[in-house]
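Quick mapping for you: the protein sequence lines, in order, are chains D and F.
Residue numbering for the first sequence is 1 to 197, as defined by this note's numbering.
Residue numbering for the second sequence is 1 to 620, as defined by this note's numbering.
If you are wondering where the hints come from, they were derived from the structure by calculation, not from laboratory data.
Bear in mind that the values here come from a model prediction, so they are computed numbers and not experimental data.
Even for Gly, the Cβ is constructed at its ideal location relative to N, Cα and C.
Keep in mind that the hints are not guaranteed to be accurate.
[Claimed, not checked] Using C-beta positions, here's what the derived DEER-type ranges look like:
1. Asp-513(F) - Leu-40(D): 26 to 34 Å
2. Glu-76(F) - Ala-156(D): 55 to 63 Å
3. Gly-140(D) - Gly-472(F): 54 to 62 Å
4. Gly-110(D) - Arg-562(F): 38 to 46 Å
5. Arg-17(D) - Gly-548(F): 40 to 48 Å
6. Glu-538(F) - Ala-12(D): 24 to 32 Å
7. Arg-562(F) - Ala-188(D): 42 to 50 Å
8. Arg-562(F) - Arg-27(D): 25 to 33 Å
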Amino acid sequence: MASVLVLYAHPAPHKSRINRRLADAAREVDGVTFRDLYELYPDFLIDVQEEQKLLSEHDVIVLQHPFYWYSAPSLVKEYLDLVLTHGWAYGEGGTALQGKILLHAISAGGSEEVYCSQGRNRFTIRQLLAPFDQTAFLCGLRYLAPHVIHGANELADAASIQPLAQGYARLLKALRDETLPLDQAAAAHKINDLIPA
Amino acid sequence: MHDPHFFLSAFIYLGAAVLLVPVAHRLGLGSVLGYLIGGALIGPFALGWVGGTQGEEAMHFAEFGVVIMLFMIGLELEPARLWRMRGPIFGLGGLQVFLTALAVMGIAMAFGLEARPAIATGLILALSSTAIVIQTLQEKALMRTDGGADSFAVLLFQDISVIPMLAVFPLLAASVTKLEHHGWLQALPHWAQPLVTLGAVVAIVVAGQFIVPRGFAILAKTGLRELLTAAALLLIVGVALLMTQVGLSPALGAFVAGVVLAGSHYRHELESDLEPFKGLLLGLFFLAVGASLDFSVIAAKPLLVAALVAALILLKAAVMFIIATFLKIRGSHRWLLSLALAQGGEFAFALLSMAIQQEILEAETARLLVAVVALSMAVTPLLFIIYERVIAPRYTAISREERAPDRIDEHAPVILAGFGRFGNFVGRFMMSQGVKVTVLESDPDHVDMLRKFGFKVFYGDATRLSLLHAAGIEQACLLIIALADQAKVAKLVTEVREKFPKLRILARAHDYDQRFELMGLGLAAEDTVHEQMGSAQELAVRALRALGKPAYATERAARHWRRYDEETVHLLVPVHEDEDAYASIVRERRIELTQLFEKDRAELPDLSDKGWEISRAEET
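Work the whole structure out from these sequences, hints included.
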């Protein structure tokens, strides 16, 4: 059994349709520690000690947020800036995160097709997530293919979002139960296809 | 100006003001009494430094202060508000002038005066002193109370009624003497005279509405401030001149001009330009009134004068009190109204000298009346002191009881107790976020004002559980206590926690000690807020930025500091009653915090692979 830490970041949760439901689903999964970063740090004053403690206590770290300007909402960046300190997460003696897993769970407005070299967005999601991938690499984390929900703006009603939320919950359970084929998950384009039925 | 006497008397007048007014103020007597005493001292009947015809000239000149004062009162009174005051002005004012004049006349006749001089005396003594009453009301911040507003309405009617009085006086004269002033008006046919008067008032309204604002706009463009001041004075002098020409009171004309200009952009400009003139001239006016106190008349018949002054004040106060009772004015307002207007007025001096001229009154009687009126004016500040110290305190406690709490016709999820300096920020922000808030406020005047601004506020004392029941506390999910009174906050928390243990309470705390107290009563630390913390910290941040500190880093440092302080509060809760332990924790924490910030500042320059804040990751 692996312990899972979900770090959820949405600056306007009351306007969220997808992430809110995914977050609700994640909260329900046993063995998952759920942290709503914007709720905890409305003043961006992140408690570094507390966050480092939680990171070292968990095996799987999930960053869940909407995909803003091909990246994360600003508090996620602030979190990485502050929490992944030299000598703790990387650099000399910085081994706290070695061997852990980092997974991104994002929702994007555009369809899958626009995220390719011929598409409007010119890059794939994985390419755009390269800074996170590299951050994970530097800290000795294993970076898996992201969980992506495309066409977020078209998914309006609860009925179509609910199956996605359930899939996300199953993914978290698989990570918890260590039943996910990790090599495959690291190499994939996105992790969604590997979610057990 | 080449008259050395000018500087000498200016020196004496100003000296008396500068020396005596602060003393009177210090003794709690108010500035008016200080001026009056000062005037009496330097006057012809005490030290004799000023006085005689020169003193009268000073008085006439200083009456212009009263004109400026009424102009400024007009400035604060928009026409719509004046229109709403028509009831008190004509009802209350009309009854006061009529009944007081009648009562004085009756008494005068009972003491053997003939009918005509008795009528004149009645009319003269019915008037009160606009200058003293308004100055004192403003000084004591009573102008906006009901009693103050009603007093002003009566004074306004008195100023209006001076016009017919001036017209009636010649008819009372034993021998027919013609009035010398406003001769050209008298020369006109009878039907034309009111038309001219009316025309003058219309001219003021039209000029105030259309010409004056434009003129001011042009002057403002020159950027010469003194030019605006000069224009403001010119305006009032012009109005005063016009009014005397057509036989109206200059003060009344200035008041009308003020009302017309109340809505203009230049209102505040005018107010600040004229304020020093008003103050100085009024001061001079009060000094002159003091100087006119004829101690020889008083000394000749001290008992008679004293009895007359007492009788005048008692009679005027009694008449006003009866009218107020009849018109259902209650509580402290009735007392304020009665005591404030119990003196004779400055118009009495002019009317009395006219009465002598026209042989309506014997010179001796008139001089006696001058002394009585002047003394009654001098006594007025004392009556205000009686009101403030003896009467008002009895009513502040009672009047709050008198007004029944409002019926509360809505139940919101949030109840906010107190909508004063603190609560109004809480409430306004929450409402802006679309949250329904039931607001309870215990200051009746404040409630009325808030309603004018369109806030739905209920009057009542939130510390009474019955009111909280009416506000729907059973259904509420939050009670916010924003009361200033610490004892009331604690009482309310205790009672509500006992009756509704599940209701979440958020409270304003006056200081650290009150936070500890509230936490001791079971409130969560995050549900109590130190009322000064936020604003003080904000000011400190601005100060640091004024010193050139970087904005974001300073803002963050402030948040860190705030959080640190909050942690300290948690540490202090268990020991807050032990002074030594408390002090030692506070000391330790402060050293710790200083070191932390120092470390941040020191480490930055020499560790290039660290971020911009202590414990930050590098920019790879």
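Here is what the structure says about each hint:
At roughly 30 Å, the beta carbons of Asp-513(F) and Leu-40(D) sit within the given window of 26 to 34 Å. In this structure the supplied range 55 to 63 Å holds for Glu-76(F) paired with Ala-156(D), their Cβ-Cβ distance being about 57 Å. Checking the proposed 54 to 62 Å range against Gly-140(D) and Gly-472(F) shows it holds: the Cβ atoms sit about 58 Å from each other. Under the hint 38 to 46 Å, the C-beta atoms of Gly-110(D) and Arg-562(F), about 41 Å apart, fit the expected range.
The hinted range of 40 to 48 Å is satisfied by Arg-17(D) and Gly-548(F), whose Cβ atoms lie roughly 46 Å apart. About 25 Å separates the C-beta atoms of Glu-538(F) and Ala-12(D), a value consistent with the hinted range of 24 to 32 Å. Between Arg-562(F) and Ala-188(D) the Cβ separation comes to about 45 Å, which falls inside the hinted range of 42 to 50 Å. Between Arg-562(F) and Arg-27(D) the C-beta distance comes to about 30 Å, which sits within the given range of 25 to 33 Å.
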